[in-house]
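First to last, the sequence lines map onto chains L and H.
Going by the numbering used here, the first sequence opens with residue 479, and the numbers climb by one from there.
Going by the numbering used here, the second sequence opens with residue 34, and the numbers climb by one from there.
Take these hints with a grain of salt, some might be off.
[Said to hold, decoys possible] Here are the simulated EDC-like cross-link-like pairs (lysine to aspartate or glutamate), alpha carbons at most 20 angstroms apart as the crow flies:
{"hint": "1", "chain 1": "L", "residue 1": "K517", "chain 2": "H", "residue 2": "E122"}
{"hint": "2", "chain 1": "L", "residue 1": "K520", "chain 2": "H", "residue 2": "E79"}
{"hint": "3", "chain 1": "H", "residue 1": "K76", "chain 2": "L", "residue 2": "E548"}
{"hint": "4", "chain 1": "L", "residue 1": "K517", "chain 2": "L", "residue 2": "E505"}
{"hint": "5", "chain 1": "L", "residue 1": "K517", "chain 2": "H", "residue 2": "D142"}
If you're looking for bench data, these hints aren't it; they were derived computationally from the structure.
This structure is a prediction, so every number in the text was calculated from the model and none was measured.
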Amino acid sequence: DIQMTQSPSTLSASVGGRVTITCRASENINVLLAWYQQKPGKAPKLLIYRASTLETGVPSRFSGSGSGTEFNFTISSLQPDDFATYYCQHYNRYSRTFGQGTKVDIK
Amino acid sequence: QVQLVESGGALVKPGGSLRLSCAASGFRFSDYYMSWIRQAPGKGLESVSYMTSSGRDIYYADSVKGRFTISRDNAKNSLYLHMNSLTAEDTAVYFCAKGKGSYGSVPVDSWGQGTLVTVSS
């Protein structure tokens, strides 16, 4: 199975700051990668798919990049509503794996 | 809008069985693949199973293969997860989720609120 390694596991940032999370795949996954946001007690929310395509209604301060085995997720200017846990996920017809998650909290 | 409502979560003894249900509305259920994703208390997300819109292709995580069975009834707009031989490691909130398309080469884009399964003696 393809393994997804997400880092860091936790990061502290200030409102207005820039945040970058990295996700590495154990083998080439092309661009079949999504990013989700989850707040405590809530279901995850899809933010980005195909590595860099913004889901409808998601603010443009969120972005994704990468292909193959290395991917980045960036929040350009952190807002109070963005403090949450973020997950990457590889998906295809035969397998799907989440990264371990990155908790973004207030510095 | 898309609504997914899970039910069937309960406290069950190790070795026991349970069936989860997911009632879908707000979209053409038969056009989309559906998935079960779980989250153990305080832990990350794990894809448990998914089924294509036609029911022809099915995926199971290795951790549940041979014990869990996914099914769907497109006439009733419902998704199911039959769980057998439950262990403490199956304790989690189970989310029902809708795919962005009919096959698994797209992610899930809508989730239910989840139903809690607790396996304990």
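Hints and how they fare:
1. L/K517 - H/E122: violated, 23 angstroms
2. L/K520 - H/E79: Status holds; Cα separation ~15 angstroms.
3. H/K76 - L/E548: Roughly 23 angstroms separates the two Cα atoms, so the pair is violated.
4. L/K517 - L/E505: Violated - the C-alpha atoms of L/E505 and L/K517 are around 29 angstroms apart, more than 20 angstroms.
5. L/K517 - H/D142: holds, 16 angstroms
Checked against the numbered hints listed earlier, the structure breaks hints 1, 3 and 4; every other hint is satisfied.
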